[in-house]
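Make the full structure from the sequences, and use the hints.
The listed protein sequences derive, respectively, from chains X and V. Under my numbering, think of the first position of the first sequence as 617, with each following residue one higher. Under my numbering, think of the first position of the second sequence as 461, with each following residue one higher.
No false leads were slipped in.
Residues from chain X that face chain V, not an exhaustive set, calculated with beta carbons under 7 Å:
| hint | residue |
| --- | --- |
| 1 | Ser735 |
| 2 | Thr738 |
| 3 | Gly740 |
| 4 | His746 |
| 5 | Pro751 |
| 6 | Ser752 |
| 7 | Glu758 |
| 8 | Gly761 |
| 9 | Gly766 |
| 10 | Met770 |
| 11 | His777 |
| 12 | Val820 |
| 13 | Gly870 |
In the SDA-like style, the derived pairs of lysine to any residue whose C-alpha atoms are separated by at most 20 Å in a straight line are:
| hint | chain 1 | residue 1 | chain 2 | residue 2 |
| --- | --- | --- | --- | --- |
| 14 | V | Lys466 | X | Pro753 |
| 15 | X | Lys871 | V | Cys495 |
| 16 | X | Lys871 | V | Ser494 |
| 17 | V | Lys491 | X | Gly868 |
| 18 | V | Lys476 | X | Pro753 |
Think of the hints as simulated: they come from the structure by calculation, not from any bench. Bear in mind that the values here come from a model prediction, so they are computed numbers and not experimental data. Positions of the beta carbon are idealized from the N, C-alpha and C atoms, including for glycine.
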Amino acid sequence: MVDLRRAAAIVGVHEHITRYAPDKSEQQIQGESIIKALEDAGLEKKDVDGLFCASMSVRSSGINLADYLNMYPKMIDNTTVGGGSFEFHLSHALNAIYAGRINCAVITYATLARSGGVSVGTGGISRQGHPRLDPSPDSFEELYGLTTVGLYAMIAQRHMHLYGTTSEQLAEIAVTMRRHASLNPEALFRDPITVDDVMRSPVVSSPLHRNDCCVITDGGGAVVVASPEVARNCKQKPVWILGAGEAVAHQGAGKRDLMYIAAKQSHGPAFEMAGVTQKDIDMAMIYDSFTITVLETLEDLGFCEKGEGGQFVLNGRIGLGGELPINTDGGGLSSNHPGMRGLFLLLEATRQLRHEFEGTERQVPDCKIALCHGTGGALGSRHSGGTVILARD
Amino acid sequence: MTTWNKPLPTVIGETKTFWDMCRRGVLLIQKCDSCNEFQWYPRGICANCWSNDIKWIPSSGRGTVWTFTVTNQNRTQGFDTGPYVLALVELDEGVRMFTNIVDCDPKDVSIGMAVEVTFQRATDQISIPFFKPAS
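Below, the structure is given as structure tokens:
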């Protein structure tokens, strides 16, 4: 494979600070985010020739957004593979920029999941009546009351059965994310919680408690990705893409071991491309739809052995000041989870690599290399996994 | 008989044999004549070797709970009235399928538990396979 390291860089980011925006459209939040992210980079509308986006509610979201913002991109990518879509977008933007087809792409997302009252994890297929099910696989699955949280809970249940993982260990992840959120003024929930608090929160789908589940917010953001030539003239120091890997995992005709998630397949190509190993990673943004998502992802990215995730997350290892700080913005568990969260992994990793929080507790000291892993879909049935590795100069 | 208030499957030619036999109380799975692999869920192509030599085979209807969750919160009509057990059952033939464990207290369900198929009549045309503790 050709050497794609540093073939493209993140040069601008913006996280829309809203967590509740009933008076705005998705496109307005995306537009406001793109404007701010370009301002961050020192670029303008005319510099953008690639538009990458995904939506939970708008079909053909790329066409609609191009229309709303009156853009005529040379490349459009609507890859929608759940929450991790944006790691896939970054991977695709890298290819397109390397190939010379575009010089500057924006990746953007917004949703109104909270103000719209969307029960992302517990809604099941519908609140009013039942839609016509697809002949397969839905007609063999939705009959049984699948929920997103239920599909993750089944993986947690078996993890506990096989490896002795405990609810207290999972709770430790939620507690750590809340500690990080307390340092983020924009986070939805900032009051510290304890393992006991998590254990006492209601069981939504056994063994997962409410505090094992991410929050639901409105929100959005944008990332600007550019070629080295464009990046050289940007306001911000570039955050280079070192490596990227993509994968899907599913039931494999009823026979695949569902305890291994897509991260198992996607991390190898990303590390190989980047020429680094797990030991080189200074901080990681790990998709945290549920606490079990973090545990399984850490294992299958190779940060610890299968089954050791429960031990790995203890004693502050994944907290700021620990060996592998993760989700330093408070994650989906406490800061924001607007339906799909993958974009926010890229935003926080970029800000850490820019040392934007220097002098505060939120900054990972001397942060040089960060990993983002987005998971979309459901671990218990079918999902995607996108790994990207980023670095500062 | 009360009206079925849970979702119903959509039946097309590709899956009609399966649902016809459910109505008669038989759980079918598929086996490929070319590569001899079983597969679940039913489909018109062998997911292993991509041949179309698919044969319907009556399953033993017996298996074990591979994993499960007691679901307390689901806003979907038919599932919004109380805890139910969502499970993946591994059939003796080696394929795993989604189901509910019924006819027992959710507290009594465990991984590895032996279960067997039981059908519930949803409409005149549709019966749906569930699993209950093995007799």
